[in-house]
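Colleague: Sequence:
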Amino acid sequence: MIAFIGFKVWVIAQRGYFLGWVGHRPHSKYGPAGKPPQALRGSKKKPALNPTQSVVPFLLKKLPSASYHVFLDNLFLSPQLFSELRDEGHGATGIARTNCGIFKQLVEAKIRDKKDNALVLLLSTVFTGEEFERYIQWCPTSTTKTAKPVRDAFGDEAVKEMSIPSVTVAYNHEMGAVDLGDQLQATESLQHRIYKGRWQATAWTFLLDTMLVNSYLLQFHVWAHEGPEPRASLTQRDWRHRLIQEL
2 MIAFIGFKVW VIAQRGYFLG WVGHRPHSKY GPAGKPPQAL RGSKKKPALN
52 PTQSVVPFLL KKLPSASYHV FLDNLFLSPQ LFSELRDEGH GATGIARTNC
102 GIFKQLVEAK IRDKKDNALV LLLSTVFTGE EFERYIQWCP TSTTKTAKPV
152 RDAFGDEAVK EMSIPSVTVA YNHEMGAVDL GDQLQATESL QHRIYKGRWQ
202 ATAWTFLLDT MLVNSYLLQF HVWAHEGPEP RASLTQRDWR HRLIQEL
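Everything in the sequence shown is counted per the working numbering, starting at 2 for the first residue and increasing by one.
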């Protein structure tokens, strides 16, 4: 009987390119980073990061020394994490849960909006909330309750130039890099069966898929801007065929 097994891997990525990763440790007391929770440095005592939150600074330390702007989903986000990232010279932006320790007034506003679910709480150490960008938007055709406030803003106009908070634009544009990498791996997956107990094969497949997708993205973004030769492969399949021919 075939039993499907796998790993849970925490990944830091940019535009689908996996920059670093660490395997999850389901039975580890201190989580994937393998470090006991410690209070943050400083003159004032601050709450320690939980095992999941500690993955973020752990993965950032795997990257070349620089200041980074990290985009996170609400699984990781907390004011304590953002405070530590800021102390280490990094910016961060993400969607906040109501129980992550944000201002009480914001929590109450989100609870009042529970019926429509139209209010999104964004936390950022990079944006002040006063930055806006102008975009041409089309009136949504959906008639759902969540689309109603947007339709009301358009009035009788089908197209309208609107101001959108820069933090929202940046989050929508940059978030989802890991998901994009997963999608790229899935489209050209090796698709071979892994039998129970063969954890080495599962790990090898993940590393091979990551290497193939990363190399595809590198050649696509680098060679596409360097003139006619060498020609960049526009699809993964074309790139993998070229690799096979060179082996």
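Treat the hints with care, as some may be off.
Said to hold, decoys possible - Calculated lysine-lysine pairs in the DSS-like style (CA-CA distance at most 27 Å, straight line):
1) 111 / 146
2) 146 / 105
3) 149 / 161
4) 63 / 9
5) 146 / 161
6) 149 / 111
7) 9 / 62
As the list claims (entries may be wrong) - Computed spacing ranges between beta-carbons, pair by pair:
8) 75 / 149: 20 to 30 Å
9) 244 / 149: 22 to 32 Å
10) 129 / 75: 15 to 25 Å
11) 150 / 241: 37 to 47 Å
12) 244 / 161: 25 to 35 Å
13) 205 / 166: 35 to 45 Å
Source of the hints: derived by calculation from the structure; they are not laboratory data. Just so you know, even glycine gets a beta-carbon here, dropped at the ideal spot from N, CA and C.
Colleague: Now look at each hint and say whether the structure bears it out.
Modeller: Tested hints:
Taking the CA atoms of residue 111 and residue 146, the gap is near 16 Å; set against the 27 Å cutoff, the hint holds. Restraint check for residue 146 and residue 105: satisfied, since their Cα atoms lie roughly 26 Å apart, inside the 27 Å limit. Under the criterion of a C-alpha separation no larger than 27 Å, the hint pairing residue 149 with residue 161 is consistent with the structure, at around 16 Å. Our distance criterion of 27 Å between C-alpha atoms is met by residue 63 and residue 9, whose separation comes to about 18 Å.
A threshold of 27 Å between alpha carbons decides the hint, and for residue 146 with residue 161 the separation of about 20 Å falls inside it, so the pair holds. Restraint check for residue 149 and residue 111: satisfied, since their Cα atoms lie roughly 18 Å apart, inside the 27 Å limit. Distance restraint check for residue 9 and residue 62: the Cα-Cα separation of roughly 20 Å lies within the 27 Å cut-off, and the hinted pair is therefore satisfied. A hinted range of 20 to 30 Å holds for the C-beta pair residue 75 and residue 149, which are about 25 Å apart.
At roughly 51 Å, the beta carbons of residue 244 and residue 149 sit outside the given window of 22 to 32 Å. Between residue 129 and residue 75 the Cβ separation comes to about 21 Å, which falls inside the hinted range of 15 to 25 Å. Between residue 150 and residue 241 the beta carbon distance is about 46 Å. The supplied range of 37 to 47 Å therefore holds. Separated by about 48 Å at the C-beta atoms, residue 244 and residue 161 break the suggested range of 25 to 35 Å.
Remark: the range hint 35 to 45 Å for residue 205 to residue 166 is upheld by a beta-carbon distance near 44 Å.
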